[in-house]
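A.B. asks: In case you want the letters, here they are:
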Amino acid sequence: MNRQRVAWLFLTPALIVLGVFFLLPVLGALALSFTDYDLYALADPHNVRFVGLHNYWALLHRPVFWAALGHTAYFVAVGVPLSMVVSLGAALLLNSPLAKARAFFRTALFAPVVTTVVAVAIVWRYLFNTKYGLVNALLEWLGLHPVDWLGDPHWAMPTIILFAVWKNFGYNMIIFMAGLQAIPAELYEAARMDGATPWRQLRHITLPLLQPTLLMVAILTVSGYFQLFAEPYVITEGGPLQSTVSVLYLMYDEGFTWWNLGSASAVAFVLFIVMFAVTALMLRLSRRSLREGELA
Amino acid sequence: MRPRLASWTLNGLLLAGSAVALFPLAWMLSVSFMHPGDTGSLPPPLLPADATLANYRTLFLRVGIGGYLANSLAVSTAITVLSLAFNLMAGYAFAKLRFRGRTAVFRALIGGLVIPAQVAMLPLFLLLKYLGLVNSYAGVVLPALASVFGIFLVRQYARGIPRELLEAARMDGAGEVRIFVQIVLPLLRPIVVTLAIITFLTAWNDFMWPLIVLTGQDHYTLPIGLASLAREHARDTELMMAGAVVTVLPVLALFLALQRYYLQGLLLGSMKR
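Chain order of the listed sequences is A and B.
If you number the first sequence the way the working numbering does, the last residue is 296 and the count never jumps.
If you number the second sequence the way the working numbering does, the last residue is 1273 and the count never jumps.
Heads up, a few of these hints could be off.
[Claimed, not checked] For each label pair, taking beta carbons as the anchor points, the in silico distance ranges come out as: (1) B/Ala-1085 / A/Leu-207: 20 to 30 Å; (2) B/Ala-1051 / A/Tyr-40: 54 to 64 Å; (3) A/Asp-148 / B/Gly-1040: 29 to 39 Å; (4) A/Leu-82 / B/Gly-1040: 51 to 61 Å; (5) A/Ala-31 / B/Gly-1216: 42 to 52 Å; (6) B/Ala-1117 / A/His-46: 22 to 32 Å; (7) A/Phe-276 / B/Lys-1129: 57 to 67 Å; (8) A/Ala-31 / B/Ala-1108: 31 to 41 Å.
The set of hints was computed from the structure by calculation and includes no laboratory data.
Beta carbons are placed, not taken as given, at the ideal position from N, Cα and C, and that holds for glycine.
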């Protein structure tokens, strides 16, 4: 058999799946976003009309869209740095030669990552219940005022952020641990001989050498956090007062509750563009800071 | 004295962190054994005063969670077995077979990673509707049968197979399919295990797409069934915790049994992205 043909034979099943169930729908979404595809079109495709950029234009004039974008941006802007700090902190602790029972701690800290979002989100909902939740019981025990975590529009998103940090930090912790292990131990020894404090070692050895890992983790986490959906769907159902409606929640609602598939596709594409722009910006900024670092 | 203090602080922090990570899971397990209504007292109890399996009985006998469990098992197993075959073949081809357009196709696949999966979901629903596959197992399984991540992972690993080994087999007249099955697959065994657990866990925990495509209870997987129960039984804390245990326990057990492979895959997959 011809070598070329064999190679394509090995590729065909995967490429068909990716082509039919991903590439084609993505192109379809772009096309759909230029139409007024709705419930009537679902019943009879003859009802579809081409509307150009109308869906995008209409979105920009809907307060609920800007609110959803704002909530998502809030979740990303607070959630990503917080997650990364916790992940890095945990990795530094685990990586220290002083750490005992390392395998146990690693497994314990990583466990939330493999759990099912829906299941643990439900657990979270009860733990943060205003009246019977253990979190408020703890606050009261500490002499603090209870918080209406899921009933107050100002607290609902922070609660979801706390959940996301708890659920996800273990993932990046593992990646950071590998990054830390790649830093030569001699550097720390030399720094210690020079009398550098642990804090200065972190600032001048660990963080600079970890920069490529930090950038990669930041980009992956930002992309992941922009896709916020299951958490508000389960914990708050978008409430209270729609304060936790994310972009994907809006897309789901628009598409599968109201069957406005045209306008929902526009929402999906706007999310894609925003994500692309943000990650591209992060890449550029980090390149510039790397270059400046070399000059300094 | 100082190193000792540092060691105490550090291990104390690790212990506290682990407690925070594990507490919600421990609480879930504990409450699942309480009698209905027990969590409604103040202060909230931590341990069941008188442990019972009543919630599990209700879930399996009256709510029908056994059906969701069976659906989840069937769907996740099908996705794991089939996508493993497809991703292994494609990853191996990208790593070890020479053909025109190899780099271009691979770059295109990696480039596709920037597109969030949800962009495809609306037209995908229409496509499956016209195919008559909405609210069927196939609707969940088909789109998951290949993944760029899986192909990438296999390719990274398969690049380490020595070329001479494959050439020698070809000289002996072995066909490409036989080489793949008899020589390559055994060498890929660690990555097969890794990819299998990652795929199974992802399929098991998947929420948004099954929520969209599964419109009837009969086909619900556990996360979808649980989310719908949570809206119906919002006040039945103890029952919901038992449901959460049924959903989480299988994947947690799988992870604990094979975590070495899982963590290795996580690291391989995050490199050179």
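A.B. asks: Look at each hint and say if it fits the structure.
C.D. replies: Okay, the hints, checked on the actual structure:
{"no.": "1", "hint": "B/Ala-1085 / A/Leu-207: 20 to 30 Å", "result": "violated (43 Å)"}
{"no.": "2", "hint": "B/Ala-1051 / A/Tyr-40: 54 to 64 Å", "result": "holds (55 Å)"}
{"no.": "3", "hint": "A/Asp-148 / B/Gly-1040: 29 to 39 Å", "result": "violated (18 Å)"}
{"no.": "4", "hint": "A/Leu-82 / B/Gly-1040: 51 to 61 Å", "result": "violated (33 Å)"}
{"no.": "5", "hint": "A/Ala-31 / B/Gly-1216: 42 to 52 Å", "result": "violated (29 Å)"}
{"no.": "6", "hint": "B/Ala-1117 / A/His-46: 22 to 32 Å", "result": "holds (30 Å)"}
{"no.": "7", "hint": "A/Phe-276 / B/Lys-1129: 57 to 67 Å", "result": "violated (29 Å)"}
{"no.": "8", "hint": "A/Ala-31 / B/Ala-1108: 31 to 41 Å", "result": "violated (20 Å)"}
The structure fails to meet hints 1, 3, 4, 5, 7, 8 from the earlier list, while all remaining hints are met.
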